[in-house]
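S.K.: Once you've looked at the hints, dock chain B against the given chain A.
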Amino acid sequence: MFEWLAGYPLERFANGTVELAVPVGTWLILLAGLAVGVAWALRYSRLVEGGMAWLLGGARFILLALLLFVLLDPHLITPSRESRDGGVAILMDTSASMQLPASAGETRFARQREVVDPRDGTLARALRARFSLRLVGVGQRPEMLHGALPGAALHGTANLAAAIDEVLATGAPPAAMVFVSDGGVRTDAATARALLRLRAAGVPLHTVHVGGQPPEIDIEVGPVEAPRRVLRGAEVRIAAPVSHHGLAGRTVEVRLEEDGLLVATRTVELDESGRTRVEFDYRAGIEGTRRLRVRVAGVEEEAVTSNNGRVALLEVHDGRLDILHFEAEPRFEVKFVRRALGPDDSLQLASVVRTAENKFYRLGVRSVDDMADGFPARAEDLFHYEVLIIGSVGADDLDARQQLAIRTFVERRGGGVLFLGGRRALGEGSLAGTSLEALLPVRLGEPAPGFRQRYSLVTTAAGRRHPVAALGLGVQGTAPFADMPPLTFINPIRELKPGATLLLGTADAGGKAAGLVGLAYQRFGRGNVAVMPVRDLWRWQMHSSVPLDDETHERTWRQLARWLGEAATDRLELDVWPTVAAPGEMLDIEVQALDSEWLPLGAERLSLSTTLAGGAVTTLSPQWEPLGEGLYRTRIPAPGAGLLGLTVSADSGDESPIHATTSVEVSALGTELVSLASGADTLANIAAQTGGMAVEADAAGTLPAHIEPRPAVHASVERLPLWNAPLWLVLALLAACVEWLARRHRGIA
Amino acid sequence: MTRPCRSDHGRNGCLRRAGVVLLSALLVMPAAWLSPVLANGDDVAHEFYFTRGNYGGESGDWGPRWAIDYPKADQQFLVALRRLSVVDAYPLDHALEIERESLRDFPFLYMLEVGSLDLDEDKTVRLRDYLLAGGFLVIDDFWGSWEWQTFEAQMREVFPDREVVEVPLEHPVFHAFYEMREVIQVPNVYQGSTGGPTHEYDGFIPRVRGIFDDEGRLMVLINWNTDLGDGWEWADHPQYPLRFSTYSYEMGINFVIYAMSF
Numbered sequence: 055m056f057e058w059l060a061g062y063p064l065e066r067f068a069n070g071t072v073e074l075a076v077p078v079g080t081w082l083i084l085l086a087g088l089a090v091g092v093a094w095a096l097r098y099s100r101l102v103e104g105g106m107a108w109l110l111g112g113a114r115f116i117l118l119a120l121l122l123f124v125l126l127d128p129h130l131i132t133p134s135r136e137s138r139d140g141g142v143a144i145l146m147d148t149s150a151s152m153q154l155p156a157s158a159g160e161t162r163f164a165r166q167r168e169v170v171d172p173r174d175g176t177l178a179r180a181l182r183a184r185f186s187l188r189l190v191g192v193g194q195r196p197e198m199l200h201g202a203l204p205g206a207a208l209h210g211t212a213n214l215a216a217a218i219d220e221v222l223a224t225g226a227p228p229a230a231m232v233f234v235s236d237g238g239v240r241t242d243a244a245t246a247r248a249l250l251r252l253r254a255a256g257v258p259l260h261t262v263h264v265g266g267q268p269p270e271i272d273i274e275v276g277p278v279e280a281p282r283r284v285l286r287g288a289e290v291r292i293a294a295p296v297s298h299h300g301l302a303g304r305t306v307e308v309r310l311e312e313d314g315l316l317v318a319t320r321t322v323e324l325d326e327s328g329r330t331r332v333e334f335d336y337r338a339g340i341e342g343t344r345r346l347r348v349r350v351a352g353v354e355e356e357a358v359t360s361n362n363g364r365v366a367l368l369e370v371h372d373g374r375l376d377i378l379h380f381e382a383e384p385r386f387e388v389k390f391v392r393r394a395l396g397p398d399d400s401l402q403l404a405s406v407v408r409t410a411e412n413k414f415y416r417l418g419v420r421s422v423d424d425m426a427d428g429f430p431a432r433a434e435d436l437f438h439y440e441v442l443i444i445g446s447v448g449a450d451d452l453d454a455r456q457q458l459a460i461r462t463f464v465e466r467r468g469g470g471v472l473f474l475g476g477r478r479a480l481g482e483g484s485l486a487g488t489s490l491e492a493l494l495p496v497r498l499g500e501p502a503p504g505f506r507q508r509y510s511l512v513t514t515a516a517g518r519r520h521p522v523a524a525l526g527l528g529v530q531g532t533a534p535f536a537d538m539p540p541l542t543f544i545n546p547i548r549e550l551k552p553g554a555t556l557l558l559g560t561a562d563a564g565g566k567a568a569g570l571v572g573l574a575y576q577r578f579g580r581g582n583v584a585v586m587p588v589r590d591l592w593r594w595q596m597h598s599s600v601p602l603d604d605e606t607h608e609r610t611w612r613q614l615a616r617w618l619g620e621a622a623t624d625r626l627e628l629d630v631w632p633t634v635a636a637p638g639e640m641l642d643i644e645v646q647a648l649d650s651e652w653l654p655l656g657a658e659r660l661s662l663s664t665t666l667a668g669g670a671v672t673t674l675s676p677q678w679e680p681l682g683e684g685l686y687r688t689r690i691p692a693p694g695a696g697l698l699g700l701t702v703s704a705d706s707g708d709e710s711p712i713h714a715t716t717s718v719e720v721s722a723l724g725t726e727l728v729s730l731a732s733g734a735d736t737l738a739n740i741a742a743q744t745g746g747m748a749v750e751a752d753a754a755g756t757l758p759a760h761i762e763p764r765p766a767v768h769a770s771v772e773r774l775p776l777w778n779a780p781l782w783l784v785l786a787l788l789a790a791c792v793e794w795l796a797r798r799h800r801g802i803a
Numbered sequence: 033m034t035r036p037c038r039s040d041h042g043r044n045g046c047l048r049r050a051g052v053v054l055l056s057a058l059l060v061m062p063a064a065w066l067s068p069v070l071a072n073g074d075d076v077a078h079e080f081y082f083t084r085g086n087y088g089g090e091s092g093d094w095g096p097r098w099a100i101d102y103p104k105a106d107q108q109f110l111v112a113l114r115r116l117s118v119v120d121a122y123p124l125d126h127a128l129e130i131e132r133e134s135l136r137d138f139p140f141l142y143m144l145e146v147g148s149l150d151l152d153e154d155k156t157v158r159l160r161d162y163l164l165a166g167g168f169l170v171i172d173d174f175w176g177s178w179e180w181q182t183f184e185a186q187m188r189e190v191f192p193d194r195e196v197v198e199v200p201l202e203h204p205v206f207h208a209f210y211e212m213r214e215v216i217q218v219p220n221v222y223q224g225s226t227g228g229p230t231h232e233y234d235g236f237i238p239r240v241r242g243i244f245d246d247e248g249r250l251m252v253l254i255n256w257n258t259d260l261g262d263g264w265e266w267a268d269h270p271q272y273p274l275r276f277s278t279y280s281y282e283m284g285i286n287f288v289i290y291a292m293s294f
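Listed in order, the protein sequences are those of chains A and B.
Residue numbers in the first sequence follow our numbering, run continuously in steps of one, and reach 803 at the last position.
Residue numbers in the second sequence follow our numbering, run continuously in steps of one, and reach 294 at the last position.
If we strip away everything but chain A, and leave its shape as in the complex, we get (with noise of 0.2 angstroms):
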């Protein structure tokens, strides 16, 4: 009954609250209002007077409380629990690539609706008896289609981040989600965020590829690998791969082109793998947006040659970095990094030897007071540096202030730190236990005083594709590592901490693996700290064996030096994805904007502005999304076409605004339309990282049996509306009546 009556069941009442759309004060003024309104009302008319009176009030006041009650719209707000099925999500990929042929005669995005189609799609069909039903269109953003595929209008890039973001955020987590694409998807950081929180809420992500075969004869560039920014004058590794079909044993020429001009070639034969990797030694030489381009040269039975080339966008900046190398004794080292970075002006160096108990030896100081007393004990004196070298020092060398300013400056400022091998250094300088073993990627064992070897550094597989370990394969004109004279270790370490990376291992004299650590780093807070327990790198300079032109030892350091800083964070730095877009395109922006002190700064304090390729210069008000620790997100359409150029500007408030460049290529080819090749690994990992499965499409049917139902616990805040409930009638036909039964025995009805 009081169901039928209140509209909700007592329980509902019991757990929620009713709330009108004044507040509570109000409703009692009103109420008040109202009842002083009645009572003069009667006493005015002289009708009645007395219990009459006070019915006849009474009943009236209660109709026109009623009446006031409901037209304030009361809401019952009550926290709710539903168990709700939550299906399952198909996404469907609906970016340009899916215009591609994915077999003779069929497009992808016609083979993909032979998969999706609600009314008779295989894999929509088979999973309709089970689950209901999610589509989402996955293009540039997602779109809800609710059962109306999309037509031909396909453009764009598959953010899939976006997507899998839109069906977690509306309705209850779904027991599973498809992805039928044809493999052409961002991989960028925001979908391996995604596809962590996927996991994380046990949804499985199982993909369906469409890409179909792809065509007989056919040569393709891959995506080029290189670094986003380099200093003017880095040396770096540009790469990329090259896939073909149909050309075993071919001899292909892979160019890279700097702005449109010849930089290097490489004489490729094309192998039975169908894959390769071509590699290209750049300088970065001149300041300013470089774009590089990897490019074939088109084979004639080509039918499409349009993914022949692959162009990358490479910021040069002339800037500086500045090192600061410690020892607590004078050591040859220090000679050696001098000569080694001296040459190359963008290594700005200063050195800083303890001599005697309380002297210092300092060189390429700021000024005659800089570090006069040795190591700074403030971590802001170390700030302007972006990389610390830590010679042959302990302990005794480095009191509790000085250590944590070493980690200040890794954790918060960002800057990078290579602590070397000594007497002095790392467990045989007593490190252990301090805060700075903390920092370090490798666990320091029981000091072994007496321990002296001499090994080879050689490359490690993860090192391959490093700055600085790939010059131990002999690449950039640099001897092999293996082939240089060995070096001294004083210092035994064998062990890694979880999420180091080896890049040097060591070999005795036989090439046999020592199993002592040549280079080994970790991230730290912002920063980058690296370990290389050598002693004696000089002897790549020095040793008979080393021609007096090899640059080995030279470039070493160099690269070390440049690893390390360039790796540094800034102050302002201004990431874009993608770096090649179609117009109109998102392109998610990401800021990171501290003050002096590598503190976080407030978005309020940025801008951003846009530089199109005839120069044109727009201001933007974009909403920036806080990602936490200075960290901020947006995103903004690609505006016209060519050379765009993004600033940021920060007003730190101390100082004169600074300002982080990067640069995007708006082409209407974008990306999407490069590929022709299957995209079957790129689904494959995708579904691994979720735990989900990657099939073909002619297997489509199959994957309903492995989803799981999830029946879903949605808990809510719901608002339910009172104003209809048959109680507020009643009651007023009750007061309606009572009111006419007095006015009729009195005779005044």
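None of these hints come from the bench; they were simulated from the model.
C-beta: ideal position from N, C-alpha, C; glycine also.
Any given hint could turn out to be false.
Short derived list, chain A residues pointing at chain B, Cβ under 8 angstroms [as the list claims (entries may be wrong)]:
(1) 390
(2) 392
(3) 407
Only pairs whose alpha carbons sit at most 25 angstroms apart, straight line, appear in this in silico SDA-like list of lysine to any residue [said to hold, decoys possible]:
(4) A/413 x B/203
(5) A/413 x B/122
(6) A/413 x B/215
(7) A/413 x B/210
(8) A/413 x B/213
(9) A/413 x B/116
(10) A/413 x B/107
(11) A/413 x B/120
(12) A/413 x B/200
(13) A/551 x A/503
(14) B/104 x B/215
(15) A/413 x B/212
(16) A/413 x B/112
(17) A/413 x B/204
(18) A/413 x B/278
(19) A/413 x B/115
(20) A/413 x A/457
(21) A/413 x B/78
(22) A/413 x B/118
M.R.: Showing chain B alone in chain A's frame:
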């Protein structure tokens, strides 16, 4: 290095002095004639070795010229270096033939008595490569114009395209550890102890000269018309003036710190 005594010091004094010299020679010469003490190139335990270059050449009355003052001067210097600085120095003398491959393990080299230096082609090339690779050579204890000409001609063989120039007092080598404000002439022990003239032959003015590389770094530091080695060797001689030994030690430590830093 001691020179024959002069007749004006009296016959007894000359005899006494000759006896001291003879006794010293008897102690030194066997060591000098034996193979020099070498550090094990495969077991370099210290950061710094005071390496005395054995360049061969003629022997005099006091043994091979390269070994004059050896090993006491070297050892005395190392005592002071280890006490006054934190350099991890091998505490003993370390002599090495300059044609040895292992010379490249020791970026600091000391040679003296180079007034009749005569290097063959192999040694010339090795010395050149050693210096261009990053080695640092200190030359000491040679006097007068005749010896200079011989030495300079030899260095022209090593570096045909590089000049020997004066090293100014502003140069970092004079300020690496101690602040040197002047260049003084350090006499041999005999002349220093007797209060006589400090020069030998026509070497009246002490000079510090050098040879620089293409980057402006000092490769060869030449102490001409002075004898730093005696300043170290005879620092414990009661008659040898302290100021000469002090200066010698200061210069020597500066050389080491500079050689390990530039």
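S.K.: Confirm or reject each hint.
M.R.: Hints versus structure:
1. 390: holds, 6 angstroms
2. 392: holds, 7 angstroms
3. 407: holds, 6 angstroms
4. A/413 x B/203: Satisfied, since the Cα-Cα distance of roughly 19 angstroms is no more than 25 angstroms.
5. A/413 x B/122: Cα-Cα ~21 angstroms, so holds.
6. A/413 x B/215: holds, 23 angstroms
7. A/413 x B/210: Given pair residue 413 of chain A, residue 210 of chain B holds - Cα atoms ~11 angstroms apart, limit 25 angstroms.
8. A/413 x B/213: Distance ~19 angstroms between residue 413 of chain A and residue 213 of chain B Cα, so the pair holds.
9. A/413 x B/116: Status holds; Cα separation ~11 angstroms.
10. A/413 x B/107: holds, 24 angstroms
11. A/413 x B/120: holds, 15 angstroms
12. A/413 x B/200: OK: residue 413 of chain A and residue 200 of chain B at ~24 angstroms, within 25 angstroms.
13. A/551 x A/503: Judged against 25 angstroms, a Cα distance of about 23 angstroms means the pair holds.
14. B/104 x B/215: This hinted pair holds, its Cα atoms lying about 24 angstroms apart.
15. A/413 x B/212: Judged against 25 angstroms, a Cα distance of about 16 angstroms means the pair holds.
16. A/413 x B/112: holds, 16 angstroms
17. A/413 x B/204: Roughly 16 angstroms separates the two Cα atoms, so the pair holds.
18. A/413 x B/278: holds, 19 angstroms
19. A/413 x B/115: holds, 14 angstroms
20. A/413 x A/457: OK: residue 413 of chain A and residue 457 of chain A at ~19 angstroms, within 25 angstroms.
21. A/413 x B/78: Holds, at roughly 21 angstroms.
22. A/413 x B/118: Within the cut-off at roughly 10 angstroms; holds.
Taken one by one, the earlier hints all hold for this structure without exception.
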